[in-house]
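Taking the hints into account, I'd like the entire structure generated from these sequences.
One line per chain: the protein sequences are W and B, in this order. Under the numbering used here, think of the first position of the first sequence as 8, with each following residue one higher. Under the numbering used here, think of the first position of the second sequence as -12, with each following residue one higher.
Quick caveat, the hints were computed from the structure, so don't treat them as lab data. Watch out, some of these pointers could steer you wrong.
For each label pair, taking beta carbons as the anchor points, the in silico distance ranges come out as [claimed, not checked]:
id, chain 1, residue 1, chain 2, residue 2, range
1, B, Thr(-5), W, Glu56, 29 to 39 Å
2, B, Phe157, W, Gln76, 30 to 40 Å
3, B, Pro176, W, Ala111, 35 to 45 Å
4, B, Pro89, W, Glu83, 31 to 41 Å
5, B, Gly109, W, Ala36, 47 to 57 Å
6, B, Pro176, W, Ala77, 39 to 49 Å
Beta carbons: idealized from backbone N, C-alpha and C, even for Gly.
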Amino acid sequence: MTAPAPASPAPASLIRTALVLGTFSMAAAAILVTGNWLTADEIKKRTAEDLANALRQVVPDALNDGDLQANQVTVEAADGTPVTAYRATLDGRVTAVALPLTAAGYGGTIRLILGVDRAGAVLGVRVIQHSETPGLGDRIDVSKSDWITRFAGRSLGAPPEDQWAVKKDGGTFDQFSGATITPRVVVTAVRDGLRLFRTHRARLLD
Amino acid sequence: MKYSEIVTAGLWDNNAVFGQMLALCPTMAVTATATNGLGMGLATTCVLTMSNLIVATLRRVIVTDVRIPAFVLIIATMVTLVDMSMNAWLHELHKVMGLFVPLIVVNCLILGRAESFASRSGMVAATIDGLAMGLGLTFALVVIGAVREILGSGTLFADATLLLGSGFAFLEQTLVTDYSGVLVMVLPPGGFLALGVLLAGKRLIDDRAAARAAAAPPAPPAPAAAEAAPS
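Take a look at the structure:
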């Protein structure tokens, strides 16, 4: 490749350098746009499937004959952040609500989903995403331990609200040997989720 | 450099982890199980081979002054493509390893091979080097992962079907049932312990081989040149 003679005081090599890097950037951008265009639909579908699976685990099919994912209502959490709840209906009447929750875990944000029935009792809790320590905190994952299933049937009255804590903190729920932080934040998150439900009960069940 | 030498260098002599001690960040992060090591290794191999090929193809176009930004751009594009494709078509695996895939960008092995090999070699040699280095890394990650998984969880290749499909269910072995596990092996320090022991093991094998070669009479020059021709 022969460089053209410099037309200005700027050395030819400098112009060539800029051209090379500029062309590279444009080519990379074009490739990425194409890649995104090819995968976006598929990724959207997979994400929706993940959510559907999680919802099905916390809201039994018997309580729902509508489109759970489409029936959304947004309420405001105590700290002002919006929470999008999914409502299960039977013949148009709301039977249960699924609330996405987050907790600040030991290894990062834990994303949970909580199913609550009309009476405010827990139908089920599942972890959607977490980065807790393998072998310790990851026992909140239902594939590793049945700990998370023990929330089912509980409500803010049973156990009493001040008992919604791990045993180490004087509460009702077991912690894991070697990991207290993870179960503690999960118990707190579920309790706050139930409080959120209580605060916005009318709007959620309307 | 003969192609066969590039392959042996990548797989064993100059192995990314056991020889060059590169790529230790992903090594420590993903090798809690053999399956995760395998997945990370294959994803890295994919990126490394493509980036080596592209860098070698464009080596006369890339101006020396800006070669590092150009390499980084190529690698980052490749990694983003791999990340998006995994999210779309290997979604279960992406959920397990999603956090680590973007880290391939900062894997110094890839930039290292682009700089020290691909930018001064032909396309065929660079592609072979990328494959061999990548498979060598995969081998290292799987071995470290297997050691940590066996000692830490009592299983081998757990969840391999997520990565390879249900046809590979036979790989998933529970070696010890009701095993409480040596927790430290699953945690990051266990990665260093396993790596240290395995490194010592490789030294031992190499020393033995060297001693044997020194003791044996000098071998006649092997007629390997013809076999090393590209296929």
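Provide an ascending list of the numbers of those earlier hints which the structure does not satisfy. 1, 3 and 5
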